[in-house]
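Q: Residue strings, one per chain:
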Amino acid sequence: MKQHHYDLLVVGAGPAGLAAAHAGARRGARVGLVDAQPRAGGQVWRHDLRFGVPAMARTQIEGLEAAGIALLAGHEVTLADPHRLLAVHAHGAVALHWRKLVIATGARELLLPFPGWTLPGVTGAGGLQALAKQGLPVAGKRVVVAGTGPLLLAAAATLKRHGATLVGIHEQASTAQLHGFARQLWRWPGKLAQAVALRAGLAPVPWHRQSTVVAAHGDQRLQGVDIVTAGGPRTRVACDLLAVGWGLVPNVELARLLGCELDTSCTHPVVRVDLQLRSSHSDIHVAGESLGIGGRDCARIEGAMAACFALGDVRGGEALRHRREHERAYAALLARTFQPGEQARTLADPDTLVCRCEDVPMADVHAHPDPRQLRLVTRCGMGACQGRICGAALRELRLTSPSTSPTAVRPPLTPVSLAALADASFDPYEPGKP
Amino acid sequence: MSRVVLSVDGLRVEVEEGATVAAAIAQVRSSFRRSPGGEPRAPLCGMGLCFECRVRIDAIEQLRACMVVARPGMRVETQR
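Going down the list, the protein sequences come from chains D and X. Read in order, the letters of the first sequence are residues 1 to 434 in my numbering. Read in order, the letters of the second sequence are residues 435 to 514 in my numbering.
Derived from the structure by calculation, the hints contain no laboratory data. Beta carbons: idealized from backbone N, C-alpha and C, even for Gly. A hint or two may mislead.
[As the list claims (entries may be wrong)] Listed next, the stretches of chain D that the computed footprint assigns to chain X, with coverage defined by at least 3 CB atoms under 8 Å from CB atoms of chain X: (1) 28 to 39; (2) 152 to 161; (3) 278 to 291; (4) 298 to 310.
[Said to hold, decoys possible] Residues from chain X that keep clear of chain D, each with C-beta distances beyond 10 Å, as calculated: (5) LEU445; (6) ARG446; (7) GLY452; (8) ALA460; (9) LEU478; (10) ARG490; (11) GLN496; (12) GLY507; (13) ARG509; (14) GLU511.
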């Protein structure tokens with residue numbers, strides 16, 4: 001198996017990881033940047049086949065080679081032992097040795113169960129955006145966008161560019177909440193401009209507030225959705241695709257596998273770090289969404305900060321602190337405004353599947369309040385996604401708490417072929433200990 | 435933009451270069467796989483986490499269609 005050695009290894013090539021890699025390279029470190037996706041950019045800068053990526057992202061991605069940064073795209077980190085990660089790719093596996101590690105594994109979408117959500121044609125909001133960018137045909141398709149948060153508008157804009165017919169955008173937040181949010185936005189002029197431009201670009205699309213998709217219908221695939229707006233009657237709307245997302249959840253699995261402590265005081269666990277973004281493992285720094293959802297600009301600043309502190313450039317890291325705090329204040333405003341409400345958390349019927357991998361219905365979840373018993377009896381959370389979808393949903397639905405739910409991660413982080421494992425001299429049952 | 439030709443369940447499918455296998459499948463199939471209970475399933479998260487899009491590609495099982503870039507001559511099989 002190939003062995004690579006780095007002074008600074010960055011996991012995740014989104015805004016945080018790219019910033020960390022560049023900051024590390026500028027300080028003379030030998031830097032590796034690894035990402036499971038086929039191209040760098042992460043989710044927010046995911047390459048769009050037709051429209052490319054924003055200029056800011058292009059500069060960072062195209063500049064990797066000139067900066068001497070080794071990009072390992074299409075490499076998924078699945079195992080870890082002290083100072084070494086195993087990354088699996090299409091043709092085998094490589095071992096990545098590091099002195100300092102920056103975890104920039106970003107976030108995933110929060111997807112909540114509701115009747116019909118397993119039908120083909122129902123996707124996440126960011127999910128459909130990502131699929132469309134990578135060529136999934138949406139032109140001429142009737143799309144309903146729903147859930148909550150700024151991602152709905154961003155997803156709708158991408159889908160529109162790709163020729164989708166947007167039936168409507170259904171934002172759960174009320175007009176009063178959105179006005180309260182907008183009144184605060186002057187403190188972040190860049191984001192205000194972005195919001196105004198996004199909204200203007202979507203002007204002809206009906207934008208409903210206090211509106212929730214409560215069920216999806218169809219025979220073998222999605223044909224329509226039921227919507228409730230402002231406590232009014234259920235209305236059926238015909239559509240081909242539903243893009244529904246309830247916000248973002250930090251990806252903390254790798255940090256957890258490496259033995260980094262988590263902060264479980266919030267609904268979804270985040271990695272605990274000190275003021276220098278150092279985790280409980282002194283050689284591992286963390287940046288971006290894994291510290292709590294902060295968005296692209298926050299991730300970029302934290303990525304650079306994490307690399308500075310990791311490499312001992314305390315002044316360089318400290319110089320960014322003020323900007324980080326400004327971005328984290330925006331993140332707090334976002335979190336206050338866009339949260340799944342009571343209605344969103346009670347959509348599932350007893351028959352609604354919660355664990356999609358193992359087909360476990362909500363009735364079974366209620367029947368087994370102890371998470372361990374639930375797993376043992378029903379296999380809830382033990383399928384291929386390893387609880388990434390249903391685990392977050394159950395936490396959001398307050399059916400498990402971060403302190404009792406299985407935040408413990410067992411290797412491998414994702415299903416891996418026996419051939420790749422055989423090639424590696426890793427013991428898959430011995431997780432990395434600091 | 436150049437095109438890539440591959441097969442999905444024996445059907446000829448053409449996608450833009452750089453498109454994923456998921457994009458190719460979606461042209462001809464609404465369901466990618468079956469759940470343990472036999473339900474049709476298709477991509478959900480679009481980023482390689484939910485595993486709802488997993489299919490067989492060139493005789494290798496359990497590959498996530500949303501993470502694999504379509505290559506000329508690939509043979510993709512969904513779970514019918």
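Q: Next step is simple, just say for each hint if it's right about the structure.
A: Each hint, compared with the structure:
1. 28 to 39: holds (count 3)
2. 152 to 161: violated (count 0)
3. 278 to 291: Check failed, 0 qualifying residues.
4. 298 to 310: Since 0 is below three, the answer is violated.
5. LEU445: Check passes; 15 Å lies beyond 10 Å.
6. ARG446: ARG446 (chain X) is indeed farther than 10 Å from all Cβ atoms of chain D, at 16 Å.
7. GLY452: Incorrect as stated: the minimum Cβ-Cβ distance to chain D is 5 Å, not above 10 Å.
8. ALA460: Violated, because the least Cβ-Cβ distance between ALA460 (chain X) and chain D comes to about 5 Å, which does not exceed 10 Å.
9. LEU478: Since the minimum Cβ distance to chain D is about 6 Å, LEU478 (chain X) lies within 10 Å and the statement is violated.
10. ARG490: Per Cβ check, ARG490 (chain X) is outside 10 Å of chain D; nearest 13 Å; holds.
11. GLN496: 6 Å, violated
12. GLY507: 15 Å, holds
13. ARG509: Fine: 15 Å to the nearest Cβ keeps ARG509 (chain X) off the interface.
14. GLU511: 17 Å, holds
Comparing the model with each numbered hint stated earlier shows that hints 2, 3, 4, 7, 8, 9 and 11 do not hold.
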